[in-house]
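Colleague: Here are the chains, one letter per residue:
Protein chains: 2
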Amino acid sequence: MEKLKKYVSVKDEDRFYHQGAVELLVFNFLLILTILTIWLFKNHRFRFLHETGGAMLYGLVMGLIIRYATKTSDVESGTVYECEKLKSGPSTLLINITNQVYEYQYKREISHHNVNGHQGNAMLQKMTFDPSIFFNILLPPIIFHAGYSLKKRHFFRNLGSILTYAFLGTAISCIVIGLIMYGFVKAIVHIGQLKEWEFHFTDCLFFGSLMSATDPVTVLAIFHELHVDTDLYTLLFGESVLNDAVAIVLTHSISIYSPKENPNTFDAAAFFQSVGNFLGIFAGSFAMGSSYAVVTALISFMHLTKFTKLCEFPMLETGLFFLLSWSAFLSAEAAGLTGIVAVLFCGVTQAHYTYNNLSPDSKMRTKQLFEFMNFLAENVIFCYMGLALFTFQNHIFNLLFIFGAFVAVFVARACNIYPLSFLLNLGRKQKIPWNFQHMMMFSGLRGAIAFALAIQDTESQPKQMMFTTALLIVFFTVWVFGGGTTPMLTWLQIRVGVDPDEDLKAEAASQSASNLDKNTTKAESAWLFRIWYVFDHKYLKPILTHTGPPLTTTLPNWCNPVARLLTSPSAYIDQLKEDDTDYIINNDELTENYESSAHTPVPAQDRTGSTQVTGKEDINEGDLGLGRYKLQVEHTTGQPQMSSMA
Amino acid sequence: MEKLKKYVSVKDEDRFYHQGAVELLVFNFLLILTILTIWLFKNHRFRFLHETGGAMLYGLVMGLIIRYATKTSDVESGTVYECEKLKSGPSTLLINITNQVYEYQYKREISHHNVNGHQGNAMLQKMTFDPSIFFNILLPPIIFHAGYSLKKRHFFRNLGSILTYAFLGTAISCIVIGLIMYGFVKAIVHIGQLKEWEFHFTDCLFFGSLMSATDPVTVLAIFHELHVDTDLYTLLFGESVLNDAVAIVLTHSISIYSPKENPNTFDAAAFFQSVGNFLGIFAGSFAMGSSYAVVTALISFMHLTKFTKLCEFPMLETGLFFLLSWSAFLSAEAAGLTGIVAVLFCGVTQAHYTYNNLSPDSKMRTKQLFEFMNFLAENVIFCYMGLALFTFQNHIFNLLFIFGAFVAVFVARACNIYPLSFLLNLGRKQKIPWNFQHMMMFSGLRGAIAFALAIQDTESQPKQMMFTTALLIVFFTVWVFGGGTTPMLTWLQIRVGVDPDEDLKAEAASQSASNLDKNTTKAESAWLFRIWYVFDHKYLKPILTHTGPPLTTTLPNWCNPVARLLTSPSAYIDQLKEDDTDYIINNDELTENYESSAHTPVPAQDRTGSTQVTGKEDINEGDLGLGRYKLQVEHTTGQPQMSSMA
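Chains as they are written, first to last, in full-length UniProt numbering: chain E, 1 to 646; chain G, 1 to 646.
These aren't lab readings, by the way, just hints derived from the structure by calculation. Among the clues, some could well be false.
Which residues of chain E face chain G? A partial, calculated answer using Cβ under 7 Å [claimed, not checked]: (1) Val22; (2) Glu23; (3) Leu24; (4) Leu33; (5) Phe41; (6) His44; (7) Leu57; (8) Leu310; (9) Gly319; (10) Arg365; (11) Leu399; (12) Leu400; (13) Phe403.
Computed footprint of chain E on chain G, listed as stretches where at least three residues anywhere in the stretch have a Cβ under 8 Å from a Cβ of chain E [stated by the list, open to error]: (14) 174-183; (15) 477-488.
All values reported here derive from a predicted model rather than from experimental measurement. Don't be surprised by glycine CBs; every beta carbon is placed ideally from N, CA and C.
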């Protein structure tokens, strides 16, 4: 008899095991289908449905099939067992069932009203990811890639505006959505579809903060493809990247805001605690992420006398880069900070310092690795969103709430873009024109982050209502606004097919004519940023990378022994060609432009192939040192010498 | 009061969450340490401890720290709860604890005698991976990479010998270990340390099969570094790759062998069922793996008139390649076959067909991606092995069993290598000399696969004894034999520093002198293999890749319309330079040799950097078509023309 039981239990395990394989196979199949579709689209220059929209559509169809073509199989689920001996849920539970001990692992807490949802079929349950997978596995590569592929030159030039949109804009958006939703919730309570104590103002703010995370991946991909004006691109890309970080921390801060008495009244102490939380978590995550990147930069920079440099071993270099970046995420999580934010700033810092030290092979390896991970993760999330509409079992469709949310999202986007652009234009030399503002308004798509924030907690009924609504907003914005990008560009008469080369030539001309450019660039940046930039250029870059002036020239004389020790030998060689014009203008930008002008036909197609797919910008593969060299040669001789590039 | 409870449960979740981050951080830390150590070793040309040995050592130290520096924290664990209502363990369990429903997920079945082990501290439990992670996440990339980086030319030349060692050798090894262990088990029972009914002969065979999986990663890495004789390298590498597959399926077949009556008697029906199982699973997995690879080859080969080829989009190509290869694994698992075996043959087939169709960019991307995954997975496994010695809580150290296992493993290796080499030498033109045989005997290291097979099931006491013993054998062989490789090579006077170029020149000379070589090559391969090779060259290669003769020349005339449709346009161009000498000699080998002779200094160092790390061979990056072209040019003109290679 014992033999028999053993056999049954092995069978049981097999069942769980194979279910996992089938689930993953479904996702693989969806992704393969998506890739083949992208291929098809690329051939027909089809711009009305982006790959992410396509992934969502396939997910939707697959969800429909799973929902209605599979049947209930697990009879045990849905039954609640009583256990009087326990006081709280332990992490592992050993249960004696007919003389055999089974180990069970804690998964989550379930509200009583959701227990019925668990009577559904096993396949639906299996297809439902653990929400923490989004934050721990799928989002980090996407966010890191965004930070790593930030186009630094234009980003730093527009930093002030980007920070304004990201911080102030997200706060405005959150509050506006919160207020409008509170009005609608009152109305819903009035007509009796919701009880008053179920939905507080903080819940509305929570919804506001999660809906404030924009994700214009579709729009950016089309911008990239059509070569839309670089400043518009940078504003939108920079905003969306930083805004994700702000929205995530904001959502977290609001979710732990708990006024002591009535949750509808304003509690100043709790409010300031939440603000403090926000600032603390944001600053802490920033510090954690960038310090890991600095460690990576230092290790990759090390030039001990008896040692071969790490860049001789691209595999080790890539491995170290990957592991340290991941550690930034994990450390932030372990310290109670936000891993996603840490990984974003880690990516930005890695691109700024470490990237310069990597061997050409590792530059390409890291770039391609994260590009690939980003591509897969993004498509998995969009497939899953499509799936979730049918496989998620606790949807609550409340028409008034959904209508209110649509209104709130658009009003909030308008209150974010137009007033802030007006304020920014007061200070900006290069104004943000009206058609740019309309385009930014139009590009307020919601995507992966809003979804991930909404699915984190779907236990209570208000949270389920929010999740359903967020999902519908994502669908609508991705399909309608994503699809309408190209017509909208035409209608707003936004410059497309901008040759970055021409932009540069104009700039180079103004640079060589006078040194005015330096001042304009400086005037556009905030004074705080300017101080940091000088510090970065004179001290941090020479310490952490092989670029920048030697420390012996930037540090006071009495520091010379230390300075000599810390300066890379290659810095002295570069020194001759060093000058101050490349303050803000990043070197790899220049390389890219010159290289594309030198042999456009071949790499242009190649780049289209690899970057349109991700919708993010490439880090150029050219060696930065070389890039500067080329520019300097041109500057000093007065005409381009392309011979060194063959 | 409800508020309070909610708060507590949120805290609880947080705790689980952060524990996961800490665990992963520990592994990241170990891997970073390992990478830094490898870097150090590379600088000092240190060959007595390979990176995998180092990873194991770090794991060991970390395990020691976790074991003795952390304290018991989880008071709830170790208590078994009764549940009379349930009949068997459902996949999810809903439990009502003080009016709050918690969801628990099925993890595994536990034997009664192991329940006490669960009273240990929470950190130890957290650091213990789910055994299925090895088979589902860590092993597939390692095995796929092995298949994908198989050096085809020498592999096919030695195929007969490799298959003999892998199939017959593994079977011999399994039976010999089983028999010897049965003797030792009898002795252990005799002195009363084990009860007779606990350990059957099938358990001994099970141990034999899992200990038969060799993993000479250390030895191969050193062989690669020292450029040891290519035939010896190929024999060892090919044996270890195929032998893993055989051992995995064999272990599975033995574990489901269940004689109806007394488990100690021989049951012919059950035995043949097991043999049938073995053959069925092996053949099924082979078919599954290679058919996915063929699908990939077909997609990447497609040249529809109106379509841009997939190879214009390296990202999509790489994505498709990755997803289809992974699907091969998942499909095999879902169908009840062995995913690892499927993924191995998928890798071999991908390298044979698909690789030829990929764009140069994708060739590098796929190679680097799998190389990277292999590197990480391998080091994680070896770190974990070190950890497991102290963190695994149910070790059973039985000295007699351990001693017996050491004896059995060495005797079995001898019974595998020497008799089979003798038999093979009867048929081989190029004999396997004595020093090669001794070296192969010496290289019988056990590693990742043996460990993964042993940890799969550690519930019963015999299984725990096996696991502990397997772990010790892995430690011993990796450290002692791995470290002794270099002295052993010197002692056995095995040719090192073999210049593959010279090998080739000798061959090329004999080729151009006469066409005899074709016959010798044929004589070395089995007739069955020869038929397959002609079929592959004439029909499969032209259908699936851009290489090979056009189908119009190989198919009968009446097939011409179909043939014309299926043949790649580039095949006609190649046809002029086509001849039969490259039957067995794989083209990328030639490219590699020629390229390295043309500009040795630069790539040599580069290659050392990237491949010594993995211990596996690279697929050469050169374009295969070009490789053939270069050779043909040389053949027809009679002297090398290197101008096309600049």
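Colleague: For each hint, tell me whether it holds in the structure or not.
Modeller: Status of each hint after checking the structure:
1. Val22: 5 Å, holds
2. Glu23: Nearest chain G Cβ about 9 Å off; hint violated.
3. Leu24: 5 Å, holds
4. Leu33: 10 Å, violated
5. Phe41: 11 Å, violated
6. His44: 9 Å, violated
7. Leu57: It is violated, given that the least Cβ distance between E/Leu57 and chain G is near 18 Å, above 7 Å.
8. Leu310: With a closest approach of 6 Å, the E/Leu310 hint holds.
9. Gly319: 5 Å, holds
10. Arg365: 6 Å, holds
11. Leu399: Status violated, d = 30 Å.
12. Leu400: Interface hint status for E/Leu400: violated (28 Å vs cutoff 7 Å).
13. Phe403: Cβ of E/Phe403 sits 31 Å from chain G, so the hint is violated.
14. 174-183: That given contact is violated, which follows from only 0 residues of the segment 174-183 of chain G lying within Cβ reach (below 8 Å) of chain E.
15. 477-488: violated (count 0)
In this structure, the earlier hints numbered 2, 4, 5, 6, 7, 11, 12, 13, 14, 15 are contradicted, and the remaining ones agree with it.
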